[in-house]
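Residue numbers (the numbering used here), protein chains in the order written: chain A, 1 to 249; chain B, 250 to 443; chain C, 444 to 863; chain D, 864 to 1433.
Simulated from the structure, these hints should not be mistaken for laboratory data. Please note: incorrect hints may appear among the correct ones.
DSBU-like, lysine-lysine: derived pairs with alpha carbons at most 35 Å apart [what the hints assert, rightly or not]:
id, chain 1, residue 1, chain 2, residue 2
1, D, K916, A, K168
2, B, K294, A, K132
3, B, K433, D, K1383
4, A, K168, D, K890
5, C, K624, C, K693
6, B, K294, B, K341
7, A, K162, B, K421
8, C, K693, C, K532
9, C, K624, C, K611
10, A, K132, D, K1344
11, B, K421, A, K132
12, C, K693, C, K611
13, B, K344, D, K890
14, B, K433, B, K421
15, D, K1351, B, K344
16, D, K916, D, K1383
17, D, K1344, D, K1212
18, C, K532, C, K611
19, D, K1364, A, K132
20, B, K421, D, K1212
21, A, K162, D, K916
22, B, K421, B, K289
23, D, K1364, D, K1383
24, A, K162, B, K289
25, D, K1212, D, K1324
26, D, K1364, D, K1344
27, D, K1020, B, K341
28, D, K1344, D, K1020
29, D, K1020, A, K168
30, B, K421, A, K168
31, D, K1212, D, K890
32, C, K532, C, K624
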Amino acid sequence: MNARYGMVIDLDRCTGCGACMMACAAENNVPPIPQASTRTGVTPMLVRQVSNGMEGGARREVFIPILCMHCEHETPCVHVCPQQAVEVDQATGIVMQMPQRCLGCRYCMTACPYHARYFNWWDPAWPAGMEKSLNPGVAVRMRGVVEKCNMCHGRLHSAKEKAAAAGKREIDFADYVPACVEACPTAAIRFGNLADENDPAARETHSPDAFRLLARIGTEPKVYYKSKEAWVKELAESKSGRGPEVKHG
Amino acid sequence: MSRNALAAGLGFAVALLCGWVAFPRALYVQRQQPLEFRHKTHAEKSGITQCNDCHALRDDGVFAGLPAAATCAACHAERMGTSKDEAILVDKYIKPGQETPWLVYSRQPANAWFSHAIHVRRAALACAECHAAYGESDTARIYELNRISGYSRDIWGHSMSRLGRAPGDGMKMGDCEDCHRRHKVEVGCLGCHE
Amino acid sequence: MASTAMVDSRWIARGEARTSLPQFLLWLAPWAIMLALGIYAGGRCLYYGLNQTHLDNRFAFGLWIFLDLGVIALGAGAFFTGFLVYILKRAELRPILNSAVVLGFICYSGAVAVLMVDVGQPLRAWFTFWHPNTHSMLTEVSFCITCYLLVLCLEYIPILLRNRQLRKLPSFLVFEHQLHKVVPVLAGVGTLLSFFHQGSLGGLYGVLRGRPFAFREGFFIWPSTFFLFILSAIAAGPSFLMLVTALVEKITGRRLVPGEVLQRLGFISGVLLGVYVAAKSIDTLIWLNFTSPAVGFAPWQYYSYQPFGLPILLVEIVLFGLLPAFLLTYRRTAARRGWLLSAAALACAGVLLNRFVMTVQTLALPTLAFDEFLSYTPSWQEVASFGGVVAYGVIVYSLSYRYLPLYAPPKGENSHVSGN
Amino acid sequence: MKVTRRDLLGWSAGAAAGLLFTPVPWKLLDDTSIWTQNWRWIPQPTRGPVEVKQSFCTLCPNGCGVRVRMAAGWPVGVAGVASDPISRGALCPLGFAAQQLNWHPQRVHTVRHRGNSTSWEEARVAFAKACGEGKIAIVDGQPGRAASVAMKTFVEKRDGSYRVALAPEAQALAPYGAWSGLGAIGLGYDLENAQTVVSFGAPLLDGWGAPGRFTRLWAERAAGMADPQLRLIQVEAPLSGTAVSRTAARAWQWVPIRAGSEGALAAGLARVLLDEHLVRARGPMPTMTAGEAADQTGLSGGAILDLARTMVARPPVVAIANDGNPAIAALNVVLGAVGTRGGIVRRSKLAESYASADAVIGASYGTARAVLIDSTVPWDFVPQTDAEVFRFAAWDGGAGQADWLLPAPGFLEELTDVPTAPASAIETYAVAPSLVNAPAEVQSAAQFLGSIDPAAIAVEKIIHQRCDDLFRGRAGTVYGKEATAVAKIASAKEFEEQLWKGAVWVGVPPRSGDLRCELKEWPASGSSGRSGNASNANWSSAWLAPVLPPLASKLCQESNLREAPVGRKA
């Protein structure tokens, strides 16, 4: 029985604290490159701040965590990769990026409408001794390859191994929680198996407040968002292209 | 014309010679293990019969790999013989509490994830299927390091042509894939890569 | 010096007048420097990584990809002329054939060189051939370009072997003789390959459903851009050939090919350009009215960001499309060398602009509602490597012109045997 | 025979062909690509057994529970502890990269005297000398710990003064402490029972107190609700330009006012509340009229009236200041939010008898000969004194200018206990065992003092003593895997063991009426210490992380989410 792992992110609950970004980077051994900028860094989980463009008391701002949407259908990056460094994992539905196979042509990055893919412009490096704090469950990527959210597959591996050692076939779902989901202080990110109708996350995807970014493109993302605020839902389909003004750091 | 052919033939022969004989010697550098180790002796003398008597799984299912010095110390706390390797083991490593810097023939890179639990517990594969009969070996053979890739030669396997290899000789991704194909087990890249 | 001049002259084809060696070297010098700088810049990118460029996660493709698409489009003259001469038997174009082949070789080898710098892990590039993803347009491109580059080498060798000194080796003569027999076959193969990769280069962008500005519906597995790229390439290729020939004639001050050859090229170019413009306009209308709105993108929003306003579309279609098409085909203007060449220039500009829009504008435009419109300026390393490729082209062409019979009207098939 | 050029050509052609039938080209192709996959200069994680241990993060006074993944004995990952009643499984962004801190380039490794490195012995001699020559003062950043006790007893013997640097959350409670004569420590907000919270620039959703406290309350009772059970009203000036703070952005209602006019608005509101009889007449009548308040804040009179009405519409209501602004404290008196359910309360004092301090750091140091500053005191703190300053610090975040810079234990390198978090309504106590061996060169202030005064009691002993006292108090509950009333625990030993395993002791809930503030007239508007809003750079409480973990600096550089904290190295 194949799982379809996905997420529902409740934007009304997100306070933009950044814990998910930090936990993600720590879990996946993302290097803190001093030279990197907002456009050359590696942030598999990136929280973006968007406002409704109003001023004074009428102003609303919302924080939108952007990660790989794990598109189920016509997955743009999978189709373009010349050497099968990207695939939709059959068993889990996770869109999987293989840095060791990647030749760094970056075609997949131009293909992704969510800008959820990142190129390693620099050799990964840490201050002296800090490599001792690297997570042994995830291999460090080398310079010149593309990477993105792999849904903390390192944790999936340990869950599988634990199950196998206990003589079980299926993993205990409690053993597999991605870092960002675990880190969110407001439990705004719910993770689950969307193929399982009884899964709470799967049920939430049917809520009237649930939506997906650029759903009209037809790539069937497995990352859903949720908000009760109308203007936020409108952000999903970038109707005008010129959306509300974005906060610059 | 014939003279041309002769020259060409000569060149061809020289190329073959270099490629098959000189090249492997140049590519691999030979390393000695820190001390001699005999699986055979351990099996016969100390009644250690199961691989996992020493190479066990931890409680979380993670394979512990080579036994820690502490495990050896269970018997080798003091010298158990007069061999010089025994002396090295006890004096150089066990007494000072140092781990023995074994050279691991089957070490895979960090980006490859392999679960002994899944293959041994669930799939019930015999150790020899991948590690050949090393368990009965009577010596710690030379470790050959690939100068370019930094891998142990065991990953590529001993025959340079990779033709007609004995089972357990060679641990490249292709070899994993063959076995998976034979057992009809589908795993994507995600299955074995970190 | 004198002695070197002697040696040099021995390599120049009999009866061909060429400038003195010093003057030739003087001409090469600046290009050599440019090439050296390019190699240095490329080397830096390989050694330090692509942080040497101003590319980034959002502008993942830049100047280099534009260069690749550009030169490959212009290089189309090679296969197309071959096609016309060998397949369609347009013998009158023969005089320009060798030059076309050399140009093609330069463009394709240059493009491949830049690609090797552009990818982050060139040492793994061969994975594409070992683990190919058959769904990827880029796989198609890699295979076709590599194969076609081999074909071009094979087509280049006989020209190379016609060199006065090399002909002296009998075995080479035999080799060339054999090769010469297969050249028509090569031309056929080349045509096929070229059609495919010119197309798949277009497909490269047409398939990006994530980039509504570039995405196009298509026939079978190929989006419309697949065919538009082929058309535009074979339309601009001959024009580029004309330009280069005229340029060489200007520099050397010698008439190399009969004027009607250029006119004929111009006419072919013009007709194809006309067809292309028509197709392009229809495609654009379909895209603006159906493809793009279908995924929720208002047609004109793409042109609401300066400097990529609507004018850029009009320039591409009218000024760089319709106009040259007319000038190249209308007898009165085609007869006038000045008109002919400027029209050719416009046609080339058109195809370059099209490639630029497809690569750069596509990436600059936002997709998510909260994206910004982006800009990017290449780093000196990118520009230098770009220049390096140009310099490389000039040098190779100059050497070929000096020592090989580029424009020599071919004698009878077995002429080279009588050569010794 | 003579080898001709033709022979050479033939030979090389043959050789070239032959090479294709050897492993050379193919093996080289394979090995070079493998080489690119394992470049030697790319750091690799350490191999070794992985285990999960539990402790508490003491980088700030909130002391959130942490679950630490350790590989080969080094912390490689930090996560929250759901069973922890303080953090409820949440951590601030910094917590998730805290494992990097111990290798931070700015880690202090040597004892430094005015910039030159020297020895612990030198420092010890110098401090002992100072103690002999005159009065000393010790500044503590996290009062109420066993170490605090050690420091306090040390100064008391030499009748010096023991000062504490209060967290901003606690500073805001200082006025009530002064008016009630109870002191600032031991007071808290009963947010768990409040229905309307009016924040005057306090970053409630962005690192105010333990991230698991108000943020979670808000998420459960307010987020995404049109009519939330917990109404969060944020009174705050816009940040630079049109940007707003995270709290204002997500609040139920945001009231933009002129920067620094919080006091005026508080007075205006109090005036309206009393004039309009929206509250039972309590406390002092401000001299300021609503009109004046409107002028100063930039709000319309009507807006102030509406705000006043909204505030009282859904009691209990409490106003929260971001500093010790007495006007806002007075507003709470008017609202009747002092000493009542859902307002400002006085915690039970079962464990906090240890915590009383002589003075907060504001006060002058008079004739002090030496000032010892504990590593828990924030980095921007520099004492206004010409006394000799002994600064303990794990990271050099600008503490360099102290006369003595003394390397202190880093993240999880020191055994400590965790007293009640600032502004908490309920008393708590926990023990944070060290998970990593501290490097040989570091020493905590308590250890340092112990080495000077042989009679001093070791931290372990004090912790043991406190556990014993708490057990004998028989009150409260222990939250470990499951909650157990202290009364039900068999022995002091078992009680202590549970705490060492990461359980948290929770005291009894506050009783209303325990806190009274009689206020005759409206207080002169106190100077707003910290400005109303701390910009989006706000890293949890500005208290936290002297030096950011590299991943946090990364977050600043590579996203627009946060700017590097002002005045702190990113």
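Hint check results:
{"no.": "1", "hint": "K916(D) / K168(A)", "result": "holds, 26 Å"}
{"no.": "2", "hint": "K294(B) / K132(A)", "result": "violated, 40 Å"}
{"no.": "3", "hint": "K433(B) / K1383(D)", "result": "violated, 85 Å"}
{"no.": "4", "hint": "K168(A) / K890(D)", "result": "violated, 41 Å"}
{"no.": "5", "hint": "K624(C) / K693(C)", "result": "holds, 34 Å"}
{"no.": "6", "hint": "K294(B) / K341(B)", "result": "holds, 23 Å"}
{"no.": "7", "hint": "K162(A) / K421(B)", "result": "holds, 25 Å"}
{"no.": "8", "hint": "K693(C) / K532(C)", "result": "holds, 29 Å"}
{"no.": "9", "hint": "K624(C) / K611(C)", "result": "holds, 20 Å"}
{"no.": "10", "hint": "K132(A) / K1344(D)", "result": "holds, 30 Å"}
{"no.": "11", "hint": "K421(B) / K132(A)", "result": "holds, 28 Å"}
{"no.": "12", "hint": "K693(C) / K611(C)", "result": "holds, 32 Å"}
{"no.": "13", "hint": "K344(B) / K890(D)", "result": "violated, 43 Å"}
{"no.": "14", "hint": "K433(B) / K421(B)", "result": "holds, 18 Å"}
{"no.": "15", "hint": "K1351(D) / K344(B)", "result": "violated, 48 Å"}
{"no.": "16", "hint": "K916(D) / K1383(D)", "result": "violated, 53 Å"}
{"no.": "17", "hint": "K1344(D) / K1212(D)", "result": "holds, 25 Å"}
{"no.": "18", "hint": "K532(C) / K611(C)", "result": "holds, 31 Å"}
{"no.": "19", "hint": "K1364(D) / K132(A)", "result": "holds, 25 Å"}
{"no.": "20", "hint": "K421(B) / K1212(D)", "result": "violated, 66 Å"}
{"no.": "21", "hint": "K162(A) / K916(D)", "result": "holds, 18 Å"}
{"no.": "22", "hint": "K421(B) / K289(B)", "result": "holds, 27 Å"}
{"no.": "23", "hint": "K1364(D) / K1383(D)", "result": "violated, 50 Å"}
{"no.": "24", "hint": "K162(A) / K289(B)", "result": "holds, 32 Å"}
{"no.": "25", "hint": "K1212(D) / K1324(D)", "result": "holds, 21 Å"}
{"no.": "26", "hint": "K1364(D) / K1344(D)", "result": "holds, 10 Å"}
{"no.": "27", "hint": "K1020(D) / K341(B)", "result": "violated, 53 Å"}
{"no.": "28", "hint": "K1344(D) / K1020(D)", "result": "violated, 41 Å"}
{"no.": "29", "hint": "K1020(D) / K168(A)", "result": "violated, 64 Å"}
{"no.": "30", "hint": "K421(B) / K168(A)", "result": "holds, 28 Å"}
{"no.": "31", "hint": "K1212(D) / K890(D)", "result": "violated, 74 Å"}
{"no.": "32", "hint": "K532(C) / K624(C)", "result": "holds, 15 Å"}
Violated hints for the displayed structure, listed by number in ascending order: 2, 3, 4, 13, 15, 16, 20, 23, 27, 28, 29 and 31.
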